[in-house]
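With these hints in hand, go ahead and build the complete structure from the sequences.
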Amino acid sequence: MKLTIFSRVLIGYLILIILVIAMGGYTFYQMVKINEVTQSILTVNNQMLDYSEKLLDLIYSQVRYEKKFIISKDDIFYIEFLRLKNDFDRYLEEMTPLADLSQTSLSLKNIKELFQNYQSLVHEEAEDLKRGYPPSHLPLNQQKEEATQSIISEIEKLKTTIRQNATDKTRLLYKIGMELRQVGMVMTGAFILIGILVSLFIHRSITAPVSILKKKTREIGQGNFQGDLRLTSPPELAELAGAFNLMCNKLNELDKMKSDFLSLVTHELRTPLSSIKMGMDLLRDGVEGPVTEGQKELLTVIEKESDRLIGLVNSILDLSKMEAGMMSFHLRPQPITPLIDQTIKELRPLVDSKKIILERKMTEGLPVVKVDGERILQALRNIIGNAIKFTPEGGRIKVSARTVDHGVEVAIADTGPGIPKENLITIFEKFQQVITDRTGSTQGTGLGLAIAKQIINHHGGKIWAESQLGHGSIFFFFLPA
Numbered sequence: 057m058k059l060t061i062f063s064r065v066l067i068g069y070l071i072l073i074i075l076v077i078a079m080g081g082y083t084f085y086q087m088v089k090i091n092e093v094t095q096s097i098l099t100v101n102n103q104m105l106d107y108s109e110k111l112l113d114l115i116y117s118q119v120r121y122e123k124k125f126i127i128s129k130d131d132i133f134y135i136e137f138l139r140l141k142n143d144f145d146r147y148l149e150e151m152t153p154l155a156d157l158s159q160t161s162l163s164l165k166n167i168k169e170l171f172q173n174y175q176s177l178v179h180e181e182a183e184d185l186k187r188g189y190p191p192s193h194l195p196l197n198q199q200k201e202e203a204t205q206s207i208i209s210e211i212e213k214l215k216t217t218i219r220q221n222a223t224d225k226t227r228l229l230y231k232i233g234m235e236l237r238q239v240g241m242v243m244t245g246a247f248i249l250i251g252i253l254v255s256l257f258i259h260r261s262i263t264a265p266v267s268i269l270k271k272k273t274r275e276i277g278q279g280n281f282q283g284d285l286r287l288t289s290p291p292e293l294a295e296l297a298g299a300f301n302l303m304c305n306k307l308n309e310l311d312k313m314k315s316d317f318l319s320l321v322t323h324e325l326r327t328p329l330s331s332i333k334m335g336m337d338l339l340r341d342g343v344e345g346p347v348t349e350g351q352k353e354l355l356t357v358i359e360k361e362s363d364r365l366i367g368l369v370n371s372i373l374d375l376s377k378m379e380a381g382m383m384s385f386h387l388r389p390q391p392i393t394p395l396i397d398q399t400i401k402e403l404r405p406l407v408d409s410k411k412i413i414l415e416r417k418m419t420e421g422l423p424v425v426k427v428d429g430e431r432i433l434q435a436l437r438n439i440i441g442n443a444i445k446f447t448p449e450g451g452r453i454k455v456s457a458r459t460v461d462h463g464v465e466v467a468i469a470d471t472g473p474g475i476p477k478e479n480l481i482t483i484f485e486k487f488q489q490v491i492t493d494r495t496g497s498t499q500g501t502g503l504g505l506a507i508a509k510q511i512i513n514h515h516g517g518k519i520w521a522e523s524q525l526g527h528g529s530i531f532f533f534f535l536p537a
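Quick note: the sequence shown uses the working numbering, first residue 57, plus one each step.
These are calculated hints, taken from the structure and not from any lab test. Any given hint might turn out to be false.
[Stated by the list, open to error] Pairs of lysine-lysine, DSS-like flavour, derived with a Cα cap of 27 Å:
(1) 454 / 377
(2) 377 / 312
(3) 124 / 141
(4) 417 / 377
(5) 123 / 141
(6) 417 / 401
(7) 306 / 270
(8) 426 / 518
(9) 110 / 141
(10) 165 / 200
(11) 333 / 360
(12) 270 / 333
(13) 272 / 110
(14) 168 / 231
(15) 411 / 377
(16) 401 / 477
(17) 200 / 124
(18) 477 / 426
(19) 477 / 454
(20) 89 / 110
(21) 168 / 124
(22) 271 / 306
(23) 89 / 141
(24) 518 / 271
(25) 272 / 477
(26) 186 / 110
(27) 426 / 401
(28) 110 / 123
(29) 333 / 271
(30) 225 / 124
(31) 518 / 417
(32) 213 / 271
(33) 272 / 89
(34) 165 / 186
(35) 360 / 417
(36) 141 / 213
(37) 411 / 426
(38) 200 / 110
(39) 360 / 411
Take a look at the structure:
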């Protein structure tokens with residue numbers, strides 16, 4: 057049984073999905089741990105250190121106010137001393153929920169007891185002062201000194217414990233990171249290996265037929281409507297290939313019908329257009345009576361449009377004959393340089409009207425080519441005329457020829473807007489036009505380059521273009537010697 061595309065893709069990617077889920081779950085678990093430890097360092101250790109510093113500042117400040125009170129007996133200093141006591145108690149209360157180690161909890165408990173002892177000693181001393189005992193005879197100074205030193209020592213011990221705890225957590229983060237890195241490297245290697253195997257599997261079973269289908273689609277875009285696509289697997293693509301071949305055959309029939317219709321229409325248009333042109337000549341010559349200046353201007357406009365239509369009809373007829381293999385080519389050996397010079401001479405008025413600089417560069421000793429001179433002139437007019445059309449005023453066109461592989465390569469380079477990469481092949485198809493500006497406008501009928509391609513191909517040569525948007529285009533054609 058042949059697996060469908062869905063089954064093949066499902067089998068291939070199910071393995072990757074399982075691995076991704078496993079890796080994702082492990083990574084998520086480790087990231088949660090990292091987040092918890094990091095959050096603990098930020099919200100516990102840092103805050104505990106900050107509170108510890110504040111406790112030290114408060115105890116030092118209390119000692120200063122206590123001494124000022126003893127010396128001056130001013131109640132203001134004692135009131136400030138009591139205010140700092142309240143702050144100290146408040147900070148201790150706020151630190152208690154943050155203690156995540158038994159050692160820190162014990163230190164906080166010791167600090168609280170020592171601080172209460174110190175407060176009792178100061179309170180007792182204050183009462184003695186109120187009774188009138190002189191400070192030099194008070195027996196509590198030594199006890200107070202020991203109490204404050206014990207508090208400071210316990211706070212420093214607490215800070216050391218907090219810092220050590222932060223260091224331990226940092227080491228844990230490093231360990232988790234290393235584990236995550238090692239597992240990630242192993243999983244990445246596994247992903248790459250399995251990904252390559254899955255890709256090869258998909259490429260062999262799915263991508264290869266799709267690539268063939270894509271290539272055939274590109275050929276259709278280039279005008280090849282032959283229904284010769286053969287695919288047997290996967291089943292969906294095999295069925296699609298059959299429908300594709302049917303579509304190609306229909307397109308081939310439609311293309312032939314279109315060409316026949318265009319040939320018929322253009323052939324039928326030639327006679328009335330010629331009659332219109334002859335009638336305009338008679339009117340201009342005054343056969344039917346005097347012609348005013350205004351009428352002459354109108355006749356001139358009509359004549360130009362008629363000439364344009366006749367040229368378009370002739371181009372369509374020529375292209376139809378070439379595609380049908382009915383065009384006669386009278387080949388004879390001759391140099392290419394005179395044909396290029398004649399074309400440049402004919403198109404010189406157009407070049408001068410746009411103030412374009414036209415350069416000519418011919419390599420010495422170009423081989424003689426066997427061509428139909430009139431048809432090569434037609435191709436040159438179309439290609440160089442196309443370059444003139446798209447080159448802005450004051451631009452530059454360079455026509456060159458050189459010997460290449462027992463033949464002649466002619467290049468026409470311009471400084472126009474350039475051609476998108478995806479259009480470099482289709483521009484040689486009939487009625488294909490390239491958008492040349494941001495407004496989306498096009499120029500011409502899309503027949504000139506198609507005719508040039510047919511002429512060059514009938515001479516056994518080839519034609520192509522190179523371009524980059526914003527940097528002009530270069531059209532090449534090669535003729536065998």
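**Pairwise hint evaluation, residue 110 against residue 272, where the allowed Cα distance is 27 Å at most** = violated (79 Å)
**Prompt:** Would the pair residue 186 and residue 110 pass a check requiring their Cα atoms to be no farther apart than 27 Å?
**Reply:** It is violated: about 31 Å lies between the C-alpha atoms, which goes past 27 Å.
**Hinted pair residue 213 and residue 271, Cα distance within 27 Å** = It is violated: about 78 Å lies between the C-alpha atoms, which goes past 27 Å.
**Prompt:** Under the criterion that the straight-line Cα-Cα distance not exceed 27 Å, is the pair residue 333, residue 360 satisfied?
**Reply:** holds (10 Å)
**Item:** Distance restraint between residue 426 and residue 518, which requires alpha-carbon spacing of 27 Å or less
**Value:** It holds: about 15 Å lies between the C-alpha atoms, which stays within 27 Å.
**Asked** If you draw a straight line from the CA of residue 89 to the CA of residue 110, is it 27 Å or shorter?
**Response** violated (31 Å)
**Asked** Holds or violated: residue 200 with residue 110, Cα cutoff 27 Å?
**Response** holds (20 Å)
**Prompt:** CA of residue 518 to CA of residue 271, is that 27 Å or under?
**Reply:** Between residue 518 and residue 271 the Cα gap is close to 21 Å, so the pair holds against 27 Å.
**Message:** Need the status of pair residue 411, residue 377: alpha-carbon distance at most 27 Å?
**Reply:** Distance ~37 Å between residue 411 and residue 377 Cα, so the pair is violated.
**Message:** Holds or violated: residue 110 and residue 141, Cα atoms, limit 27 Å.
**Reply:** holds (12 Å)
**Request:** Mind checking the alpha carbons of residue 165 and residue 186 for me, to see if they're no more than 27 Å apart?
**Result:** violated (32 Å)
**Given pair status - residue 417, residue 518, alpha carbons within 27 Å** = The hint holds at about 21 Å.
Checked against the numbered hints above, the structure breaks hints 1, 4, 12, 13, 14, 15, 16, 18, 20, 23, 26, 29, 30, 32, 33, 34, 35, 37 and satisfies the rest.
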